[in-house]
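The chain contents come next:
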Amino acid sequence: MATENATFSGKATTDFSEKTKRRRFIRQGFLYLFLTLWAIAVLFPFYWMILTSFKSQASYNSEQRPKFYVSAPTTENYSEAFTAVPLARYFGNTLIYTVVTTGLMMIVILLAAFAFARLQFRGKNLLFTLFLSLMMIPNELVIITNYVTITQWNLRNSFPGLILPSVTSVFYIYLLKETFEQIPDELYKAAKVDGTSDFKYLRRVMIPIARPTLVTIAILKVIECWNSYVWPRLITDKAEYFLVSNGIQEIREHGFGRDNIPAMMAAVVVISIPLILLFLIFRNKIMEGVSRGGTKA
Amino acid sequence: MKQKLRQYKAWLYLLPAILFLGVFMVYPLIDVIIYSFEEGFNFVTRTSQGTGLFNYSYVLHDPYFVQALKNTFLIVIITVPLSTGFALLLSLALTSIKPLRNLYQTVYFLPYVTNTLAVGLVFMVLFKKTAYTDGMVNLLLNAFGAPSVDFIDGPYWAKMLVMCIYTVWVVLPFKVLILTSALASVNPDYYKAARVDGTRPSRIFFRITLPMISPMLFYLVITGFIGAFKAYSDEVALFGTDLNAAGMNTMVGYVYDMLYGASGGYPSYASAAALLLFLIVLTITCINLMVSRRSVHY
Numbered sequence: 002m003a004t005e006n007a008t009f010s011g012k013a014t015t016d017f018s019e020k021t022k023r024r025r026f027i028r029q030g031f032l033y034l035f036l037t038l039w040a041i042a043v044l045f046p047f048y049w050m051i052l053t054s055f056k057s058q059a060s061y062n063s064e065q066r067p068k069f070y071v072s073a074p075t076t077e078n079y080s081e082a083f084t085a086v087p088l089a090r091y092f093g094n095t096l097i098y099t100v101v102t103t104g105l106m107m108i109v110i111l112l113a114a115f116a117f118a119r120l121q122f123r124g125k126n127l128l129f130t131l132f133l134s135l136m137m138i139p140n141e142l143v144i145i146t147n148y149v150t151i152t153q154w155n156l157r158n159s160f161p162g163l164i165l166p167s168v169t170s171v172f173y174i175y176l177l178k179e180t181f182e183q184i185p186d187e188l189y190k191a192a193k194v195d196g197t198s199d200f201k202y203l204r205r206v207m208i209p210i211a212r213p214t215l216v217t218i219a220i221l222k223v224i225e226c227w228n229s230y231v232w233p234r235l236i237t238d239k240a241e242y243f244l245v246s247n248g249i250q251e252i253r254e255h256g257f258g259r260d261n262i263p264a265m266m267a268a269v270v271v272i273s274i275p276l277i278l279l280f281l282i283f284r285n286k287i288m289e290g291v292s293r294g295g296t297k298a
Numbered sequence: 016m017k018q019k020l021r022q023y024k025a026w027l028y029l030l031p032a033i034l035f036l037g038v039f040m041v042y043p044l045i046d047v048i049i050y051s052f053e054e055g056f057n058f059v060t061r062t063s064q065g066t067g068l069f070n071y072s073y074v075l076h077d078p079y080f081v082q083a084l085k086n087t088f089l090i091v092i093i094t095v096p097l098s099t100g101f102a103l104l105l106s107l108a109l110t111s112i113k114p115l116r117n118l119y120q121t122v123y124f125l126p127y128v129t130n131t132l133a134v135g136l137v138f139m140v141l142f143k144k145t146a147y148t149d150g151m152v153n154l155l156l157n158a159f160g161a162p163s164v165d166f167i168d169g170p171y172w173a174k175m176l177v178m179c180i181y182t183v184w185v186v187l188p189f190k191v192l193i194l195t196s197a198l199a200s201v202n203p204d205y206y207k208a209a210r211v212d213g214t215r216p217s218r219i220f221f222r223i224t225l226p227m228i229s230p231m232l233f234y235l236v237i238t239g240f241i242g243a244f245k246a247y248s249d250e251v252a253l254f255g256t257d258l259n260a261a262g263m264n265t266m267v268g269y270v271y272d273m274l275y276g277a278s279g280g281y282p283s284y285a286s287a288a289a290l291l292l293f294l295i296v297l298t299i300t301c302i303n304l305m306v307s308r309r310s311v312h313y
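Line by line, the protein sequences are chains A and B.
By this note's numbering, the letter at position 199 of the first sequence is numbered 200, and the numbering carries on one by one without gaps.
By this note's numbering, the letter at position 261 of the second sequence is numbered 276, and the numbering carries on one by one without gaps.
Keep in mind the hints are simulated off the structure, nothing from the lab.
This structure is a prediction, so every number in the text was calculated from the model and none was measured.
Be aware that one or more of the hints could be misleading.
Stretches of chain B that chain A covers, calculated by requiring three or more beta carbons in the stretch to come under 8 angstroms of a beta carbon on chain A [said to hold, decoys possible]:
id, stretch
1, 41-52
2, 109-116
3, 123-132
4, 150-162
5, 236-250
6, 266-280
Where is the CB? At the ideal position from N, CA and C, for every residue including glycine.
All chains should be built: construct the whole structure from the sequences, respecting the hints.
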């Protein structure tokens, strides 16, 4: 189809007539049209939520045909979003949850990946195979018992209850182990000769070298935490412990009086901003990380 | 002695991971199977009235489960081929342009990093018909002379349509990303050789491009199937938490509803339903793998 175009622009076309040139031009035009249409489809919901969030409730409700612009922009929806519902609280909760979960997970997977990549012990291969086979287990299957476990530990509506089940990831252990194994073994042997302890070696040599992978893993985990909905919903029913996803659902069903769409959109904008910023800053890292093995959780 | 000490140390490094995986993955896995066979399990006393297949039979005869099964299969059958095919078209178009390619790629990836619950709310607003307004999408429909439809509280097909549109919107970024990098990694020598031979573009596509990216395409189909079978939060985003009332529940939603909320408190039924879901996904994945062995060029 159109693929050969990328590789054969330029040289091959020079001997062809005006007609071929014009045909190429038209085809490129269609490609851009197609791509632009989808780009609009992707961006439109974002445009709409920002636009609506600046309309006053009265003017929104009076627009029988929704307008594509806002004639009298107002920020009242944003103050409404932070005062009428505990949005700041949801925000803070999500921040704590995200930071602690990601931090703890990094420690757990660092230690495990190091043991698998560098240390020798009996049963290593068997254990690693067992770890890998756990990757096939869907979350939906284990969440039932975890819910019962956390309930029995009296950890519902608490941060430990939210955090503990998601501080390990077999996939990230695997990814990190692969990265660690690419670091030349000689460095490790040299360190051993110098009498450096394993832990110090991990901290001083392995972590700095594996930093790109570590950053990628951390970012992917942050995205996952920020968007997690199912587990927090099961484990919290008090608004003090809601994360943003649950908060948004709560707002939709009970907050603002159900018809205050502009205030809801303001809340949605506020919730979406941190991740979009993160994405714009770490664009390449995120896209590379996702193509190396992320799936939409 | 020293050897022994080093052994201990390795296990010490692994201890946190083993502990967490043991408590929150291995034990639950065994437990969920036991739950699913225990009849009349009581949450508080942790006793049951016997073992058997009653939970499975209850779930399979529950009209809500049948509805959830139907919804889930519809979502899978519609969105997986649609999103994969559309992602392929977008990726082919992306690889054929030079200027602005990065910009388009960035825009296309945006839905991946957004909160599905939050953006789902925006979709709901766009599609919903309220007392004040027919909504953005209906406005568009009216412009083409079609009558307004309530997509959120209206007829089943309309709700399913929004559901599928939103699902495709959400899953597309991942697919486009994977396919563009697969297309970029095809060895250009093949194209050069084909060009020298004067091969037609369509033939180049079916004989070179498609076989070369088929492993990745297949990876996407498999993960797409698995992901679509687990659909849940997107539904909540559009139709609210009471999916049974909306008639839009999915299998995962059924599991959670059995576990928790107004209709909850039945871990046995939830376990049976979760295991049924797992079996279906496993079967489909095996079929996929068997097909791939025949048709994928590695």
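Tested hints:
Restraint check on the stretch 41-52 of chain B versus chain A: 7 residues with Cβ-Cβ distances below 8 angstroms, three needed, restraint holds. Against chain A, the stretch 109-116 of chain B contributes 6 residues with a C-beta closer than 8 angstroms to a partner C-beta. That satisfies the three-residue criterion, and the hint holds. Counting residues of the stretch 123-132 of chain B whose beta carbon lies closer than 8 angstroms to any beta carbon of chain A gives 10, which meets the minimum of three for the stated coverage. Counting residues of the stretch 150-162 of chain B whose beta carbon lies closer than 8 angstroms to any beta carbon of chain A gives 3, which reaches the threshold of three, so the coverage claim holds.
For the stretch 236-250 of chain B, the assignment as covered by chain A holds, since 6 residues bring a beta-carbon within under 8 angstroms of that chain's beta-carbons and 3 suffice. Counting residues of the stretch 266-280 of chain B whose beta carbon lies closer than 8 angstroms to any beta carbon of chain A gives 5, which reaches the threshold of three, so the coverage claim holds.
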